[in-house]
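Model the placement of chains B and C with the ligands on the given structure of chain A, informed by the hints.
Protein chains in written order, with the numbering used here: chain A, 1 to 273; chain B, 1 to 182; chain C, 1 to 526.
Simulated from the structure, these hints should not be mistaken for lab results. Heads up, some of the hints might be wrong.
Here are the simulated SDA-like cross-link-like pairs (lysine to any residue), alpha carbons at most 20 angstroms apart as the crow flies [stated by the list, open to error]:
no., chain 1, residue 1, chain 2, residue 2
1, A, 160, C, 458
2, A, 257, B, 160
3, A, 66, C, 344
4, A, 160, C, 59
5, A, 179, A, 107
6, A, 80, C, 59
7, A, 178, B, 160
8, A, 257, B, 82
9, C, 194, A, 160
10, A, 66, C, 498
11, A, 66, C, 504
12, A, 66, C, 279
13, A, 66, C, 288
14, A, 179, B, 160
15, A, 178, B, 82
16, C, 194, A, 79
17, B, 174, C, 466
Cβ-Cβ distance ranges computed for the label pairs, FRET-style [what the hints assert, rightly or not]:
no., chain 1, residue 1, chain 2, residue 2, range
18, A, 143, C, 158, 35 to 45 angstroms
19, C, 134, A, 95, 54 to 64 angstroms
20, A, 95, C, 21, 54 to 64 angstroms
21, A, 150, C, 134, 28 to 38 angstroms
22, C, 122, A, 178, 52 to 62 angstroms
23, C, 284, A, 44, 29 to 39 angstroms
Calculated from the model, a selection of chain A residues having no Cβ within reach of chain C, i.e. all distances over 10 angstroms [stated by the list, open to error]:
no., residue
24, 122
25, 127
26, 171
27, 173
28, 176
29, 177
30, 221
Quantities reported herein were computed from a predicted structural model and do not represent experimental measurements. For each residue, glycine too, the CB sits at the ideal point set by N, CA and C.
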Amino acid sequence: MRFWIILMSLLTTPAAWAAWDVNMRQGVTEISQAVYGLHMTIFWVCVAIGVVVFGVMFYSIYHHRKSRGAVSDTFHESTKLEIIWTGIPFLILVAMCVPATKVLIQMYDASDSDIDIKVVGYQWKWSYEYLGQDLGNGDNLAYFSNLSTPRAEVYNEAPKNPNYLLEVDEPLVIPANKKVRFLITANDVIHAFWVPDFAVKKDAIPGFVNEAWTIVPEPGIYRGQCAELCGEAHGYMPIVVKVVPEDEYVAWVDNKKQQIAQARGITPSVAHR
Amino acid sequence: MSNEANIQRTLRRGLVVGVLMFGFGFALVPLYDIICEVAGINGKTSTTAYQGASVVDESREVRVIFMSVNGGSMPWRFRPETTEMTVTPGKVYETAYLAENMTSRDLVAQAVPSVSPGYAAVHMNKIECFCFEQQPLAGGEDTRMPLRFMVDADLPDSVRAITLNYTLFDITDKVVGETAAR
Amino acid sequence: MSAVIDNHTHDHHGPKKGFMRWILTTNHKDIGAMYLWFSFAMFFVGGAFALVIRSELFQPGLQMVEPEFFNQMTTMHGLIMVFGAVMPAFVGLANWLIPVMIGAPDMALPRLNNWSFWLLPFSFAILLSSLFMEGGGANYGWTFYAPLSTTYAPPSVTFFIFAMHLMGVSSIMGSINIIATIFNMRAPGMTLMKMPMFVWSWLITSYLLVAVIPVLAGVITMMLMDINFGTSFFDAAGGGDPVLFQHVFWFFGHPEVYIMILPAFGIVSHIIPAFARKTLFGYSSMVYATSSIAFLSFIVWAHHMFTVGIPLVGELFFMYATMLIAVPTGVKVFNWVTTMFRGSMTFETPMLFAIAFVVLFTIGGFSGLMLAVAPADFQYHDTYFVVAHFHYVLVPGAIFAIFAAMYYWLPKMTGNMYPEWLGKLHFWLSFVGMNLTFFPMHFIGLAGMPRRIPDYNMQFADFNMVASVGAFAFGITQLIFLAVVVITIRGGKKAEAKSWEGADGLEWSLPSPAPYHSFSTPPEVK
Ligand code: HEM
Ligand SMILES: [Cu+2]
Ligand SMILES: [Cu+2]
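Same shape as in the complex, but just chain A (with noise of 0.2 angstroms):
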């Protein structure tokens, strides 16, 4: 009886606790919509599995216990039922491919962008570096995003703010609905960039280049963190991705140059195409 009240209280839980999050964000982009839709799928099955499985078997442990005077069974074996019970679980996993596929080939979808961003993971920041976009001599626009967490905050010094550790010093900026396109790479050792919002996330790996893209219809800031160990400060080499509209984009690309250029002493001889 004890070990039904525990297993019934855990399994209900989550829905008592609705103030702290338990379900995987549902993102902004159709694609992380689309996810979010395979994981609550895929969720669900597994639910129902269980269900049918932990029913029957706490049936067994209610029912077919000695103290209740139960006397077992001989039976021990019967084809019927493995081969029910190979086929029908078979026969789910494949209809769960099918939707599984389809995400996965529009992820992987290889058309043109209309921008593209050279993403270098470094230990332990970000940077980034939008192709196309001339300083005047041949250099294109890039910087460094870093953490901008103070320590003081780290260490416990200082009251946390909210975005403790979701926060840099220079956000990648983007344009809402364009199609973005990430180039990924590293210096030294894997990274991994990801942003939950986006559903996007690739392994940075020095030597390789590796891509992904996102349309984000949202203007907002979007954050997230580095996801593959790359040594000490691997907790502390954040995302944080701000969209805003596509004019707004120009005029920030324009300044963002300008601002680089004259802090570089370089005298812009192209205007930006």
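Just chains B and C with the ligands, lined up with the frame of chain A:
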């Protein structure tokens, strides 16, 4: 009972399997390279110059994006001459990468190419590439390293853009070590 | 009698006295016991490391340790638990039980057996000593991905590699010994399809071990060469490829995770029938399911690498294959449940652990199935969701099965019954503690917390605190088990030869405790 003999035989067989599987671990290395080359896994391109020819496919254009990255503590300034080109599959194009040794030391570099999407790698044929050789550069010097390539007409239609990235590594220590050992 | 047995006719009348007994012993029970004690010690060491991790993660901010040391703790915890606790525990049970289950006097290769065991303390002493070396110990995760574990590793990595090699030799020798024993030492009449499930599962596990531990040895040898001899297997600068490391590692790594669960399947297949007083349902389908799991485990490895950028067809293949492996796993669960159905069940401690195994391992299987869905894995990968998954299959999976086995066979090993109330207390506290620790990790992972980080945003704080409380509860509870074992060895109610009403198998035909030499004359199996 010849049990003892049987046991010894099982032991010997087990050891042989163990040794073979150890070898298999190493055999995975060339095996992986072959699979990569055939299937273009990981965006690896051929390490030797392309010899063949291809039909020209005038019906479409493909965008080629050039990218450069410095690996490790590589101190050179390294970048493509043009950031992108629009090419016709089957035609040969030429561009270059520019490198400048920002230090006063003589250094040797190795450029490692990588193509994305990975399966486009087998269709990215390099007729001439600075990545085939090590690139020495004296302190303070700069150089223009040419690249001649052709995108194969067999490239799947779904690929509208190919990224060609070079990661430049400083291999001076390795090279110096080798020559010193000789 | 055969020559093998002549090897130790001199001590036919019992063990040597004193310390040398343990160093020189070739007796399967002595060696089995040493494996089990070693594993238990490592379980506490690895557990201590886990508690360091959980106390740092109790709250956001850095309180206890620096990030660098935190990484050493996660790495060492993983390595010690996998290679030092779970695997040796199963090898120990195999040593103790296989000869008595198949009616043999001892293992086939007793001296090799001694050697296999004694490599382990040295291996783990070296591994642990690396914590005190210049630059610190292993800090690259138990999966030690290159180049973090090669070019960017602390100097102690060479000692790590050496320790892993010793451990590997020990495992390979141990498994060859098991294969040789099973093939050559069975009592007359015990055909393969009459073998107890634990023996079957270990036969298959041994094959997996002989096949993949050498691959692990290969990959660490390549690392060694990259680090010390200037090769470039995994270094892009020299034409190598860091992704190759992951392929070779997971070619070993995925079978490895099944190595840690197949013997558990075997154990549970003994205990459930015993306490349901009913024959195991679908014996032959259990054998086939186990074999197909072992076979399929060789072709699913890249499900650990969905985000490294393998091509679409590769992703699809590994997604389908991974889903396929869930089918035979499901068959096993269905067979256990059907064994309970219409049985006559009692719920002594071994059965409690076995039932918890079925339920909680299945939950781990469900999250495995979710992880198998490649597009969804893009969100789960390298988050606490994965941590929750593998702890559900390993803690209430592998470790609960080991507890169940100990409670079940302890009367046979010691001749005494353990105190049932203490066993039950151990079970219930473990059950609650374990769920409290690992269930919230699903939520933390889905909310977006990456694994292997020492500090986190406040949005993850509440469940992390719950998990840390659970971890301490679970950890302290294990002292009860230590007490149970010590109490039972020292005395208690005398166990009968057949210690459990529903127990079945040759081991129960021996007196309790089992004599020093198991079956000097082979029993006849009908
Ligand atoms: C139903 C069967 C199972 C399926 C479908 C499955 C699937 C998976 C998948 C897809 C991953 C990769 C997750 C990721 O890194 O993104 C994974 C990780 C893992 N699984 Fe399972 N799994 C199953 C059963 C098991 C069992 C029985 C064990 C061990 C006893 C196990 C141990 C692990 C471990 C240790 C990892 C994490 C390795 C790491 O990255 O550190 N799994 N599983
Ligand atoms: Cu990282
Ligand atoms: Cu796996």
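Practice task
State the violated hints by number, sorted upward, taking the hints as numbered earlier in the document.
Solution key: As far as the earlier hints go, 2, 6, 9, 13, 15, 17 are violated by this structure, in ascending order.
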